[in-house]
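Asks: Fit chain B to the given chain A structure using the hints.
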Amino acid sequence: MSLVDLLGVSKSYGGTRALDDVTLTFDRGVTGLLGPNGAGKTTLLRIVATSIAADRGSTRILGHDPTASHGEVVEARRGLGYLPQELGFPHDMTVFGFVEYVAVLKEWNQAAARSREVHRVLDLVGLGDLAAKRVRKLSGGQRRRVGLAQALVGNPQVLVLDEPTTGLDPAQRATLRRTLSTIASESAVLLSTHQTEDVAALCERVVVLAEGHVRFDGSVVDLVRTAEGRVWLSDEPAETGVAAWRTGTGRHRVVGGPRPPGAESVEPSLEDAYLLMLDGRVPAPDAVT
Amino acid sequence: MSTPVTGHGWHADDELLAGYTSGSLRAIEAASVEQHLVHCADCRAALRPHTDVVTLDQAWLSVRDRVERRPQPAAVRLARRLGLQEPTSVLLAATVTLRTAWLASAFIALGFAFVASRFSEGTTLWPFLLVAPLVPVLGVASAYGSSEDALDSLVATSPYGRTRLVLVRTIAVLVVALPFAALMGLSLPGPPWVAVAWLGPALMLVPILLALASFVGPAPASAVVALGWAGVVTMSVRHLTPTWPVESEVQLTMLALATLSAAVLLVRARTTRMIGGLW
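Chains A and B, in that order, are what the protein sequence lines are. For the first sequence, position 211 (counting from the first letter as 1) is numbered 211 according to the numbering used here, and the numbering increases by one without interruption. For the second sequence, position 233 (counting from the first letter as 1) is numbered 233 according to the numbering used here, and the numbering increases by one without interruption.
In short, the hints are calculated from the structure, not lab data. Keep in mind that the hints are not guaranteed to be accurate.
Stated by the list, open to error - Pairs of lysine to any residue residues, derived as SDA-like cross-links and limited to a Cα-Cα distance of at most 25 Å, are as follows:
id: 1; chain 1: A; residue 1: 137; chain 2: A; residue 2: 90
id: 2; chain 1: A; residue 1: 133; chain 2: B; residue 2: 77
id: 3; chain 1: A; residue 1: 133; chain 2: B; residue 2: 59
Said to hold, decoys possible - Stretch by stretch, here's where chain A covers chain B in the computed footprint (C-beta under 8 Å, at least three residues):
id: 4; stretch: 61-67
id: 5; stretch: 84-93
id: 6; stretch: 158-172
All figures in this text were calculated on a predicted structure; none of them were measured in a lab. Backbone N, C-alpha and C define an ideal beta-carbon position, used for all residues, glycine too.
Isolated chain A, as found in the complex (with noise of 0.2 Å):
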């Protein structure tokens, strides 16, 4: 049994299907789910984050079904840490006094033990000196470390975290590359982004999302070896490709489609490889589920 499984999931709003037909599982390690707008992404971390239920298949968080008990939901909650894609935060709240109602709903109901593990998990984001500060008077950045400080309350061994990084600037970024890692050896971490430098930073796995459908799932490493000789650095502009743009040095790298002209082929990043992958001229891999 692993910490997440999904067994054919779909989700449908109104008419249109965001998630059709899904496997997947996630263990212990950091997994980036990369997508365009629409793709899935965040149904599917709300479908694991027990926010909401899935039309058909079945889904276990820690081996609990969400969706059969007032219990095993529960239960399921108790491993759980989720950092929603929009979380606003009560006017009036000071840093210390979010993450504290958070964890009271999380049951830390003895309040020293409480108090110690609050600090805990803001140390963990850097937010240690200003517990005290009012939410409101943080920036943008930092909200989102106290959004991502209540999802560590705990040690949950499923963090759900949806789009972690907006916001943060490279320090950061950093910050929380070191965070996740050590989380990620005693839990299943699932990050949506739709950088492709997060997911080359913080994951080892990588499933890519298209339309509600599972396009890739496997290493950072497979997904860029897809994009292997398809990818060009030319003098002139090409149109031919599914895209192309003017580089820093000059030249034109072109992804995908034929050779231009006189072009070299060059080494593929995984921003080239998810941009073929969206596409769907590469063939699918093995790793594909």
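Replies: For chain B alone, coordinates are given in the frame of chain A:
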């Protein structure tokens, strides 16, 4: 006991440092070592093997906890004095919407009771009978928080759960709003039993609201309940006696509706596959 060195003169040796960390030095020696440690990085580094990092961490956390812990807000202290458990007090006091709801409920009840008793000269009951039974209902509806409740997604996915939080808030609203409105009821014109009778619909409208809310959400449900009750009161003003909304036949009808609502809630709690209960 000390090792002569260059520079500042000496460094504390292992024996001295061990004595310092174990607390076995005499006070004057300990003070001297402590003073030296403040200024000497080498000796601070040498002290490290003598210290238990875990214990030190715990001690530091405990000191920090004491220094940084802010006094609990007045609302938490009050709730605890009333016998609530500390975690429940934290949840209730942290909810701005709830505090607003309490105040709003109280002021509405006060305002209308005052209007009814002051300006009717003992002949008009309907303002009070219209509003007072709705005070707990609207308070309960506001206890859900708005649909854009900043914390809703976290509440909904926590082990504590939205259902339990709504119920706790509901009870809190009733405890605060009802006695206040009841006091106002005592100052009403008209038959004395009315001062108590309005509590019947006030309590029976709550399960009706909760049952409706499980289908359509709190805001539409509270609108339906408020309009329904307003219809009952309006009808009495036009065609019946002023006390009709709280007389026994209406009370019995409402009791039947409330019982039905409780049954609906029970059935939905057992059959729905919605995650985290009804709400």
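Asks: For every hint, state whether the structure bears it out.
Replies: Going through the hints against the structure:
1. A:137 / A:90: Judged against 25 Å, a Cα distance of about 12 Å means the pair holds.
2. A:133 / B:77: Roughly 21 Å separates the two Cα atoms, so the pair holds.
3. A:133 / B:59: holds, 24 Å
4. 61-67: holds (count 4)
5. 84-93: Our answer is that it holds, as 5 residues pass the Cβ test (under 8 Å) against chain A, meeting three.
6. 158-172: Satisfied; 5 residues make the cut.
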